[in-house]
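Q: Residue strings, one per chain:
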Amino acid sequence: EPEVTQTPSHQVTQMGQEVILRCVPISNHLYFYWYRQILGQKVEFLVSFYNNEISEKSEIFDDQFSVERPDGSNFTLKIRSTKLEDSAMYFCASSVDISGNTIYFGEGSWLTVV
Amino acid sequence: QQQVKQSPQSLIVQKGGISIINCAYENTAFDYFPWYQQFPGKGPALLIAIRPDVSEKKEGRFTISFNKSAKQFSLHIMDSQPGDSATYFCAAGSKAGFQKLVFGTGTRLLVSP
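Those protein sequences? They're chains A and B, same order as listed.
Residue 632 in the working numbering sits at position 74 of the first sequence, with consecutive numbering throughout.
Residue 48 in the working numbering sits at position 62 of the second sequence, with consecutive numbering throughout.
One or more of the hints may lead you astray.
What the hints assert, rightly or not - Pairs of lysine-lysine, DSS-like flavour, derived with a Cα cap of 27 Å:
#1 B/K54 x A/K600
#2 B/K44 x B/K(-9)
#3 B/K54 x B/K44
#4 B/K81 x B/K(-9)
#5 B/K43 x B/K54
#6 B/K1 x B/K44
#7 B/K1 x B/K81
#8 B/K44 x B/K57
#9 B/K81 x B/K54
#10 A/K600 x A/K636
#11 B/K57 x B/K81
#12 B/K44 x B/K28
#13 B/K44 x B/K81
#14 B/K57 x B/K1
#15 A/K615 x B/K43
#16 B/K43 x B/K28
#17 B/K43 x B/K(-9)
#18 B/K1 x B/K54
#19 B/K(-9) x B/K28
#20 A/K600 x B/K57
#21 A/K615 x B/K1
#22 B/K54 x B/K(-9)
#23 A/K641 x B/K81
#24 A/K615 x B/K44
#25 A/K615 x B/K28
#26 A/K600 x B/K81
#27 A/K636 x B/K28
#28 B/K28 x B/K54
#29 B/K44 x A/K600
#30 B/K54 x A/K636
#31 B/K81 x A/K615
#32 A/K600 x B/K28
#33 A/K600 x A/K615
#34 A/K641 x A/K600
#35 B/K43 x B/K57
Worth flagging that the hints you see were computed from the coordinates, not collected in a lab.
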């Protein structure tokens, strides 16, 4: 079964450092998403991306965050200057279209900011 | 209005019993209601989903019941097994919102042997 793959699985970074989380969505999917889950809490939407641009973003997704699809297969989330409160599991997801087809989630990248 | 309220927060069910998790929403623009299962350290995995044009959908031991007028939907797990022990999230999305999913707060299910 096709899957969304994410790297790294776990990253520890110092406060103020830049972090890039990488994702390879399912190959024929056109819509890409980042979500995050703070330990023990619900999954929260960060951003959706279609046709090489952001289609929607949440209030969490401030100027410190950016997304990019640099080469047609990877989809990255960059956090410019990490804060302690950015510590969370970050999930990449993708779907074929927006007509209600399944949104597939990756296994997540666990980010710890110290 | 974007919230999805989920209950209970945790649930203990005996093996073979029925697990029932409930969710409620307010935004009538939602038109897609999936349930995700999450094991510790893993990503959410889609279990079953429903659209508002049907009142019930069944896949194996999992059934979604949907009440459009009450803006509520629920997950029923029949013949619950210890392997079903996980956290379950309901969610809601809409085509207008590029299927941005709004998740419930999760229900931690423990099925005792």
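Q: Taking each numbered hint in turn, which are not upheld by the structure, reported in ascending numerical order?
A: Numbers 7, 14, 15, 18, 21, 23, 24, 28, 30, in rising order.
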